[in-house]
Amino acid sequence: MGKKRIMFSPVTRLSGLLSVEVVVDRGVVSIANAGGTMYRGIEHIMKDRHITDAIYMTQRVCGICSLAHGAVASYLLDELYDHELSENAQYLRNIMFAADILQNHIRHFYFFSIPDYVKMPNQPPFEGQNLIDVRLSPQDNARLLEHYFRSVVASQECHQLLTVFGGKAPNQHSFVHGGVAVAPTADKVNQALSLIASVHTFVKECLIPDTELIARVYKDYFKIGQTPRRLLSFGMFRFGTKNQLSHWQGGMLTGNKISALDIQLITEDITNAWYLPVDGQVLPAPYKPGAYTYIKSFQYAGQPIEMGPLARMLINGFYRGGTSTMDRIKARSLETLLITELVMEWLGKLVPGPPPIRQKQKLVQEQAVAATDVMRGSLLHSVRLKDEKVEEYKIITPSNWNFSPKDKNGQLGPVEYALTGTIIPNPKLLNTILGRIIRSFDPCINCGTHVLNAKGEVTDKIIF
Amino acid sequence: MQKEDYIKRCQELTVGSGFQLSNYVLSEVRGYRKSKSRKLPVIWIETSDSGDNNIAFMNTTYPYLGQVFTDLIDLLYSNTFMSAQGQDAINILEQAAVKLRGKFTLVVEGAVPLKDNGLYTIIARTEDHKLTALEAVTWLGPLAEYVVALGTCASFGGISAARPNITGSVGVRKVLNREVINVSGCPINPDWFVGTLAHLLLYGRPELDNLGRPTLFYGFTVHRHCQRRSYFDQGQFAKELGDIECMFSQGCVGPKTGADCPYRQWINHVNWPVKANTPCIGCTNEDFPDGSSPFFTPLPEKLPEKNE
Chain A
43 MGKKRIMFSP
53 VTRLSGLLSV
63 EVVVDRGVVS
73 IANAGGTMYR
83 GIEHIMKDRH
93 ITDAIYMTQR
103 VCGICSLAHG
113 AVASYLLDEL
123 YDHELSENAQ
133 YLRNIMFAAD
143 ILQNHIRHFY
153 FFSIPDYVKM
163 PNQPPFEGQN
173 LIDVRLSPQD
183 NARLLEHYFR
193 SVVASQECHQ
203 LLTVFGGKAP
213 NQHSFVHGGV
223 AVAPTADKVN
233 QALSLIASVH
243 TFVKECLIPD
253 TELIARVYKD
263 YFKIGQTPRR
273 LLSFGMFRFG
283 TKNQLSHWQG
293 GMLTGNKISA
303 LDIQLITEDI
313 TNAWYLPVDG
323 QVLPAPYKPG
333 AYTYIKSFQY
343 AGQPIEMGPL
353 ARMLINGFYR
363 GGTSTMDRIK
373 ARSLETLLIT
383 ELVMEWLGKL
393 VPGPPPIRQK
403 QKLVQEQAVA
413 ATDVMRGSLL
423 HSVRLKDEKV
433 EEYKIITPSN
443 WNFSPKDKNG
453 QLGPVEYALT
463 GTIIPNPKLL
473 NTILGRIIRS
483 FDPCINCGTH
493 VLNAKGEVTD
503 KIIF
Chain B
90 MQKEDYIKRC
100 QELTVGSGFQ
110 LSNYVLSEVR
120 GYRKSKSRKL
130 PVIWIETSDS
140 GDNNIAFMNT
150 TYPYLGQVFT
160 DLIDLLYSNT
170 FMSAQGQDAI
180 NILEQAAVKL
190 RGKFTLVVEG
200 AVPLKDNGLY
210 TIIARTEDHK
220 LTALEAVTWL
230 GPLAEYVVAL
240 GTCASFGGIS
250 AARPNITGSV
260 GVRKVLNREV
270 INVSGCPINP
280 DWFVGTLAHL
290 LLYGRPELDN
300 LGRPTLFYGF
310 TVHRHCQRRS
320 YFDQGQFAKE
330 LGDIECMFSQ
340 GCVGPKTGAD
350 CPYRQWINHV
360 NWPVKANTPC
370 IGCTNEDFPD
380 GSSPFFTPLP
390 EKLPEKNE
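Residue numbers (my numbering), protein chains in the order written: chain A, 43 to 506; chain B, 90 to 397.
It is possible that part of the hints are untrue.
[Stated by the list, open to error] In the SDA-like style, the derived pairs of lysine to any residue whose C-alpha atoms are separated by at most 20 Å in a straight line are:
| id | chain 1 | residue 1 | chain 2 | residue 2 |
| --- | --- | --- | --- | --- |
| 1 | A | Lys470 | B | Pro253 |
| 2 | A | Lys45 | B | Thr215 |
| 3 | B | Lys128 | A | Tyr329 |
| 4 | A | Lys45 | B | Lys97 |
| 5 | A | Lys89 | B | Thr386 |
| 6 | B | Lys328 | A | Gln403 |
| 7 | B | Lys97 | B | Ser111 |
| 8 | B | Lys204 | A | Tyr329 |
| 9 | B | Lys391 | B | Pro253 |
| 10 | A | Lys330 | B | Ser338 |
| 11 | B | Lys328 | A | Lys330 |
[What the hints assert, rightly or not] Derived Cβ-Cβ restraints for the label pairs, each shown as a range:
| id | chain 1 | residue 1 | chain 2 | residue 2 | range |
| --- | --- | --- | --- | --- | --- |
| 12 | A | Lys330 | B | Gln184 | 21 to 27 Å |
| 13 | B | Leu305 | A | Arg68 | 21 to 27 Å |
| 14 | B | Arg294 | A | Gly69 | 38 to 44 Å |
| 15 | B | Tyr292 | A | Asp175 | 41 to 47 Å |
| 16 | A | Arg177 | B | Glu93 | 52 to 58 Å |
| 17 | A | Asn298 | B | Gln184 | 50 to 56 Å |
| 18 | B | Gln156 | A | Asn451 | 50 to 56 Å |
Don't read these hints as lab results, they were simulated from the structure. Backbone N, C-alpha and C define an ideal beta-carbon position, used for all residues, glycine too.
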C-alpha cells in the first residue's frame with residue numbers, strides 16, 4: 043500500500059469551504075492538514091465604523107450562528123456603555139439565543155450528519171452517496187429518513203420562534219445593546235410556547251432516539267476521532283444585570299480537573315496559515331509556501347484546546363464519556379434536549395411590560411472583551427475604540443480553535459489530532475470515515491477564517 | 090403529440106413483427122412522463138459568503154424544504170446538502186455541467202474575490218489544482234440557462250466587498266458577460282428565492298428591475314408599504330429602539346430600499362425589522378452595508394462613502 047497523499051475536497055455538509063489533505067501510510071492516516079479555504083476579513087471591515095454597527099455587521103460573519111455574534115457584540119457594547127439589563131431582557135435574550143442554537147443543532151444532526159450513517163434516496167441532492175458502510179436495518183433506515191424530513195419543520199420552527207421576537211432570521215434585529223427591542227406580549231409568548239412544544243416533542247421523539255440508535259450501531263466511533271482531554275468553555279447563557287453570570291458554568295477541563303479561565307493565556311500562531319507579517323500588520327498571503335488554511339492557530343496556556351457542546355456537557359456534569367466522534371454527537375444531542383427545556387422554563391419567566399431595552403449614549407470605557415459559549419464553543423469579541431469609532435476589532439471563533447492548523451511547535455489542533463492515526467481499512471472508505479470525524483465537530487469555516495490585526499504590532503500574544 | 094398521429098403510428102406498427110408496437114408505446118409514455126415531471130435542475134455553488142442565504146432557504150414554508158427537493162428543483166450540487174463528498178462531489182459537478190449544458194440554473198451564493206487570482210475563496214481542491222470561486226463562476230456561468238445571484242454579496246458584493254475590500258470582491262454580474270438574476274438580501278427572504286426558482290420553472294425569466302432583481306419582490310420600496318408610514322407622514326418619530334413610531338429617526342433606510350418586507354415579513358411571515366421596533370438597514374440595496382452605515386444614524390446624516 044505504501045504512502046498515499048489524498049486531498050479530501052470539498053468536505054460537504056458543513057458551513058463554509060473546507061479541504062482536508064491527508065497522508066495515508068499503510069492504511070493509517072499519518073498526516074492531516076485541515077484547511078479553511080475562504081477569507082473575508084471582517085475585522086478589517088469593522089475598522090473605523092461606529093461601534094453600534096458591530097451587532098448587525100458581525101452577525102454577517104456566519105449565517106447558521108448569526109445571533110451568537112450579535113449576542114457577544116451586544117455584551118461587548120453593554121460593557122462599553124455600562125448598560126443594565128432587566129430580567130425580562132435577560133430571559134428574552136437567552137430564549138432567542140437558545141432558539142438559534144436549537145436550529146443549528148437540529149440541522150447539524152439531520153442535514154449534515156445523517157447522510158454519513160443513513161442510506162439516502164438516490165435522487166438530488168443525495169445522489170452518488172458512498173454506501174459501503176451503511177449499517178442500519180431497512181426499517182431503522184426508513185424511520186431516520188422520515189425524521190430527516192420532519193427535522194425540516196422542527197428547525198424552521200426554531201427560527202420562527204426567534205423571528206417572533208427578533209424580526210427576521212438569520213441576522214435578527216431586536217437583540218441589541220441595552221436589551222431587546224420587542225415586548226414579550228401574551229400572543230408572542232403563546233406562539234413561542236407552541237413552537238417550542240413542537241420542537242421539544244421532535245427532539246424527544248426523534249433526535250434523541252436517533253442519536254442512541256446511531257451510537258449503538260456505529261459504536262466503533264467511540265474509539266475513532268479521539269482528542270486529548272483538554273476542553274474549554276466560557277460558560278453559556280448570560281444572566282445578571284451586567285451579563286456577569288452564566289447559567290451553564292465555564293472552565294478549563296484537563297483530564298478530570300476543572301480550573302478557572304484566564305483569557306490572558308490565549309495566544310495565536312500563523313505558522314501554517316495563509317498570513318504574513320507585513321509592516322507591523324498581519325495580512326492574508328495566499329501564496330505563502332507550506333501554508334494550507336486561512337484559519338489561524340490558537341493555544342491556551344501554550345496548548346491546543348477543544349471546545350463545543352461536549353466541553354459544556356462534561357464541564358457541567360451532564361455527560362460522562364470520552365472525547366471521541368460519537369461522544370461529540372451524543373453530547374450535542376443531549377444539549378439540544380436540555381436547551382428545549384430551558385426555553386420552556388424561561389418563557390414562563392417573562393412578564394408583561396414594555397420592550398425591555400434601555401440604551402445609554404455615553405461610553406464609559408474605550409475597550410472591552412466579551413466571551414461566552416455559543417453553538418460550536420467559545421466566541422470572543424474584543425474592541426478598542428476612539429470616540430465611538432472602532433480602532434481594532436477582534437473576533438476569535440470556536441472553529442478557530444477546533445480547526446487550528448499545526449502551530450510552530452507542530453502541535454495538532456483538535457480536528458487534525460482526531461484525524462491523525464485513524465485506521466482506514468478500505469481506501470474506498472477514506473472520505474466516509476474522515477467525514478464522520480470532521481462533522482462531529484460541527485465545522486463552520488465562515489466563522490473560522492477571521493482574526494486580523496487591523497493595525498498594531500504583530501505579537502504572539504493577543505492584547506486585550 | 091396528436092391523437093390522430095398516435096393512432097396512425099399504432100396501426101402501422103401492428104402490421105410488423107416483434108415488439109415494435111410495445112417498444113414504441115413505452116418510449117412515448119416515458120418521454121411524456123419525463124417532460125411532465127419537470128423540475129428545475131440547479132447547481133448551487135457557495136463562494137465568499139456567510140451561508141445565511143442557505144439558512145434562510147431552509148426556512149421556506151409552503152413549500153417547505155422537503156417539498157422544494159421533491160417537487161421544485163433537482164439540487165444537483167450543493168456544498169450544504171449533498172451526500173457525496175470529495176472527488177465524488179466534484180465528479181457530480183463536472184458531469185452535470187456537461188450533461189445539462191444550457192439547461193441548468195446556476196445559483197451562486199456569495200461574492201467573487203478577484204485579487205490574487207481569486208485565491209481568497211477556493212471552492213474545492215484537487216492534488217494539483219485550486220478551484221477558485223472566480224474560476225468556477227466563469228466556467229459554469231456561460232453554460233447555465235439562468236444564473237441566479239443569491240444574496241446581496243453575490244448580487245452586488247455586499248458584506249464581502251464592504252470597505253476596505255482587501256480581497257477585491259465583487260458581485261457575480263461583474264464577472265460574467267451575461268444576464269444575472271439578482272435575488273439580493275442579507276439574507277434573502279426565503280420567498281424571494283424560492284419564488285424566483287418557481288417563476289423560472291413555471292414561466293421562465295421574470296421581469297427584472299434596473300439592478301437585475303425580480304420586480305415581483307423588489308419593485309416597491311420598503312417605505313411605500315410600511316405600516317408606520319402614517320407616523321412618518323405626521324412626523325411622529327421613535328425616540329429610541331423599541332418605540333412604536335417611525336424608525337426613520339433611528340436610521341431606517343426603508344425610503345431607498347426595494348423590498349416587500351412590510352407585506353411579506355419573515356419566517357412564516359410573522360415579523361420584520363421595523364415591526365420589531367428597529368430600523369430597516371437596506372440589506373437588499375446595491376450599496377449595502379456601506380450605504381446604510383452607521384445603521385442607527387438617520388438617513389440624511391449617514392456617512393458619505395470613503396472609498397469610491
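Results for each hint:
no.	hint	result
1	A:Lys470 with B:Pro253	violated, 45 Å
2	A:Lys45 with B:Thr215	holds, 17 Å
3	B:Lys128 with A:Tyr329	violated, 42 Å
4	A:Lys45 with B:Lys97	violated, 66 Å
5	A:Lys89 with B:Thr386	holds, 18 Å
6	B:Lys328 with A:Gln403	holds, 12 Å
7	B:Lys97 with B:Ser111	holds, 14 Å
8	B:Lys204 with A:Tyr329	holds, 12 Å
9	B:Lys391 with B:Pro253	holds, 18 Å
10	A:Lys330 with B:Ser338	violated, 48 Å
11	B:Lys328 with A:Lys330	violated, 52 Å
12	A:Lys330 with B:Gln184: 21 to 27 Å	violated, 34 Å
13	B:Leu305 with A:Arg68: 21 to 27 Å	violated, 60 Å
14	B:Arg294 with A:Gly69: 38 to 44 Å	violated, 53 Å
15	B:Tyr292 with A:Asp175: 41 to 47 Å	holds, 44 Å
16	A:Arg177 with B:Glu93: 52 to 58 Å	holds, 56 Å
17	A:Asn298 with B:Gln184: 50 to 56 Å	holds, 52 Å
18	B:Gln156 with A:Asn451: 50 to 56 Å	holds, 52 Å
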